[in-house]
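Kindly produce the complete structure, drawing on both the sequences and the hints.
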Amino acid sequence: GPKVLQIPSHQIIDMGQMVTLNCDPVSNHLYFYWYKQILGQQMEFLVNFYNGKVMEKSKLFKDQFSVERPDGSYFTLKIQPTALEDSAVYFCASSFLGDEQYFGPGTRLTVL
Amino acid sequence: QQQVRQSPQSLTVWEGETAILNCSYEDSTFDYFPWYHQFPGESPALLIAIRPVSNKKEDGRFTIFFNKREKKFSLHIADSQPGDSATYFCAASRRADRLTFGKGTQLIIQP
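Sequences listed follow chains A and B, in order.
Offset between the first sequence (1-based) and our numbering: plus 145.
Offset between the second sequence (1-based) and our numbering: plus 1262.
Simulated from the structure, these hints should not be mistaken for lab results.
Okay, derived cross-link-like pairs now, BS3-like style, lysine-lysine, Cα gap no bigger than 25 Å in a straight line:
1. K204/A <-> K1365/B
2. K202/A <-> K1365/B
3. K207/A <-> K1365/B
Have a look at this one:
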C-alpha cells in the first residue's frame, strides 16, 4: 500500500527539551494526522491537518504541541518543552480523501 | 466515554478455524469502519473497511459483517494462518475526521 515515512525511528531526550518528529506523507494525500500510542494500548488521536490548517485537536494535544507543514515538505509535530508523560510511539497518518488513513512506521519517543 | 468497544481482548484459535473479532460503537454519525492489524514493533496496516451502505464486505479470507441497527461490526478471518497472529484494531470515523480506535484484540493462531 501507500508508504508514509517517519524520521527518526527513535528519539531519546531529556525532559524539558524540544523535539521535532517528522513525517513524509504519501505524495498526493491531502489530510494528515498524528496519533499517540502507549505500549500495549490503542492509538489515540492527537490532531489532524488539512489545507495548511489544524482541523481538530484532542485533549491530548497539549499547548506544548504544535504541527506544521511548511511549503509541502515534512508534516511535523513539535513538542516544546517535553514531559515524562510524552514518552510513547507517535504515528503519522495521511489520507487522500479523508477516509483511508495510511500509517507511518512510528517514532518511539523516550523522555528521560 | 469509550466510543468504540472491542472484544475479546485476546483470542486463540487453531490454524484453519475462523477467528471472529467484534466491535460496537455509539456515535451514529460514524460512516467509515476500518480494521487494522499491527505486528509488534510495526505500524498499524489497513486490512479492510466498510461503509454503512453495505452490511458485508469481503476481501479474500477477511470479511466484515456490519449491523447498522445494533451499531455492531465484526471481522471474520477464515482459514486462519499462524501469520495472521497480530493485534487487530477496529476503528470508526466520519470522513476526514479522526479515527477512534478500539482497545484491540490480540489474536493468536495455534498451528
